[in-house]
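Engineer: Letter by letter, the chains look like this.
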Amino acid sequence: MAKPPDCSHCQKQATIHLTQIINNQIKKLDFCEGCPHQQGVTDPAGFSLAELLAQSEKDAEPIETDQSGTTCVTCGFAPNDFKKLGRLGCPDCYDNLESLIEPMLERMHRGTKHVGKLPDHLIHRVRMKAKIKQAEYALQHAIANEAFEDAAKLRDELKALKSAFDSGNFDSADHADRTA
Amino acid sequence: MPRTFYAKMQIQPLIDGKSELTHAAEPPQEVVISSRVRLARNLQGHPFPGWAKAAQRRAVLTECEEAIAGLGIMQKGSVLEIEKLSDLEKQVLVERHLISRELSAHGAGAGVIVSSDQVAAIMINEEDHLRIQVLRSGYHFDDIWQVIDEIDTALEDKIDYAFSEEIGYLTACPTNVGTGLRASVMMHLPGLVLSSQMEKVVRAVNQLGMVVRGLFGEGSDASGSLFQISNQQTLGESEIEIIRRLGNVIDTIKEQEVNARLRLIENEPQKLADKIGRAYGILQHGHVLSSSEAMNFLSLIRLAVDLGILPVEQRAQVDRLFLESQPGHIQFAARENIDSEGRDIARARMLREETRIMPPLNFDKLAFS
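Sequences listed follow chains A and B, in order. With this note's numbering applied, the first sequence corresponds to residues 1 to 180, in that order. With this note's numbering applied, the second sequence corresponds to residues 1 to 369, in that order.
Hints were generated in silico from the structure; no laboratory data involved. The beta-carbon is built from N, C-alpha and C at its ideal position, and this holds for glycine as well. It cannot be assumed that every hint is accurate.
Claimed, not checked - Derived DEER-like restraints, expressed as beta-carbon distance ranges:
#1 Ile240/B x Lys159/A: 14 to 24 Å
#2 Ser167/A x Pro13/B: 33 to 43 Å
#3 Asn80/A x Gly277/B: 25 to 35 Å
#4 Pro103/A x Asp274/B: 37 to 47 Å
#5 Asp274/B x Lys113/A: 34 to 44 Å
#6 Asp143/B x Asp150/A: 45 to 55 Å
#7 Leu85/A x Ile15/B: 29 to 39 Å
#8 Lys113/A x Glu336/B: 50 to 60 Å
#9 Thr153/B x Ser163/A: 34 to 44 Å
#10 Arg155/A x Ala55/B: 24 to 34 Å
#11 Thr112/A x Thr153/B: 53 to 63 Å
#12 Leu85/A x Leu262/B: 43 to 53 Å
#13 Lys84/A x Gly247/B: 52 to 62 Å
Said to hold, decoys possible - Example chain B residues on the side facing chain A (calculated, C-beta under 10 Å, incomplete):
#14 Pro27
#15 Glu127
#16 Asp152
#17 Glu237
#18 Ile240
#19 Ile242
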């Protein structure tokens, strides 16, 4: 008789076997008696086979080559932490641990590009900040070149931008961007 | 647990108030019990709750609470910090789908804000910083999306969300990245369960990238023939597309359920009538009822309503009793600490009183040969 499979989580002998079909592919996971509970399998509200697969498939991949000991410079999160927690450390992990996350997204989702809702307010805030920075730079440049007439104009513009940003009124100062 | 503890219950207003799941404005529908959408959102520049230190989680809680307090829908809502709730209160909130089991296990900085009609609930420091949920009785995704979109946009005016133009809203688990949207429907599928077709349905639904879960039972046990069907993928499709695709799956399952019921009526009318009759009798006269038994009997009463054996008005009562038969709700109503056996007795007593004046069963619609 073939040797029973090992637990996908702790390598003990597996007695519980899960099968799910995702995108026409059969995915299987095996667990010992103790692990499904820890993994949330017994909690119908919290269990997703996709999350477990993401972890176990990652386990199966050559961690050294894929992750090469990189940690997220923002929060110190390491690929091994994902193995333990099944969650990331901070939003910057998506950039800093891209080689770990990108293949997972391809497996999990219908596409790899966001085509949904955009946070309009946030996008406008980012644009406004960039405009303020540009105006500040232009002002410094004008002062350095003793172009005082330009500097006075730029100072007024900068003031208007800052006051629009502080009041959250993007419509007046950022109208062109919104309608673009 | 000291008796006086019950006097201090913070969730009492939620129990006393008219909620969407117990007193919906519109009459409940056949098959689809409720629908909900949740959005996962996070704050820029903060570690995700599972990686954050207690002080960082508390800072996120404060920032989110301030932003949420300004929302029109949350005026007169309940603001609850998980650390300050008893285990029983947390269980009641889980049973009412206002918080998740995961949030109930969290300590520092975990909280929930619930609108007074319990349609909207925002969890703070669950898996993500924000989990916004809107829930309605019946099938109402258009309304739900409109409400949750407005809440999200209003919050986004105050909070800098973690967002990438490439992969959308950034979430603690990559399974939620993109739209951060999970749409789900709670369906009552006794026809498919009685005719042993659920396994086939689960397989077909999984192939379409959707997930089927038992809702109230422990583990995969779907007592009461209640199932939650939701999307699994969140990236590469717009919110509207995800909801539309789920809607198509729901319509198909509904059709299958109706067909399964028709076949049961045609092929085994007596067996079906017997099951309904026994459920009716035990609910009216039983003295010890476990949660799972109660759910299964209530499910048969709901089926009886759908088949015209009981008047349509009874459906709302059944939906309320699905909730009020849960262990936490029975314990809460008892107002003293009772063990599991005591709860089974209290549950049977409550259900006897509730069903005492239920109209008689009218089997005319089932044509016995």
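Engineer: Evaluate each hint against the coordinates.
Structural biologist: A quick look at each hint next to the structure:
At about 42 Å, the CB distance of Ile240/B to Lys159/A disagrees with the hint of 14 to 24 Å. For the pair Ser167/A and Pro13/B, the supplied restraint of 33 to 43 Å holds, since their beta-carbon distance comes to about 37 Å. Here the CB-CB span from Asn80/A to Gly277/B is close to 59 Å, at odds with the stated 25 to 35 Å. At roughly 55 Å, the beta-carbon separation of Pro103/A and Asp274/B lies outside the given 37 to 47 Å, and the hint is violated.
Between Asp274/B and Lys113/A, the C-beta spacing of about 55 Å breaks the proposed range 34 to 44 Å. Asp143/B and Asp150/A have their C-beta atoms about 54 Å apart, which keeps the hinted 45 to 55 Å range intact. In this structure the supplied range 29 to 39 Å holds for Leu85/A paired with Ile15/B, their Cβ-Cβ distance being about 35 Å. At about 56 Å, the CB distance of Lys113/A to Glu336/B agrees with the hint of 50 to 60 Å.
The supplied range of 34 to 44 Å is broken by Thr153/B and Ser163/A, whose beta-carbon atoms lie about 24 Å from each other. Checking the proposed 24 to 34 Å range against Arg155/A and Ala55/B shows it is violated: the Cβ atoms sit about 41 Å from each other. The hinted range of 53 to 63 Å is not satisfied by Thr112/A and Thr153/B, whose Cβ atoms lie roughly 25 Å apart. Restraint check, Leu85/A to Leu262/B: a C-beta distance of roughly 48 Å satisfies the suggested window 43 to 53 Å.
Range check, Lys84/A to Gly247/B: Cβ separation about 37 Å, and the 52 to 62 Å hint is violated. A cut of 10 Å between beta carbons decides the hint on Pro27/B: the least distance to chain A is about 27 Å, and the hint is violated. A least Cβ separation of about 7 Å between Glu127/B and chain A falls short of the 10 Å threshold, and the interface hint therefore holds. Hint status for Asp152/B relative to chain A: holds, with the closest Cβ pair at about 8 Å, below 10 Å.
The criterion of a C-beta within 10 Å of any C-beta in chain A is met by Glu237/B, whose closest approach is roughly 5 Å, and the hint holds. For Ile240/B, the suggested interface contact is upheld, since its CB lies about 8 Å from the closest CB of chain A, less than 10 Å. The interface hint given for Ile242/B is met, as the beta carbon of that residue sits about 8 Å from the closest beta carbon of chain A, less than 10 Å.
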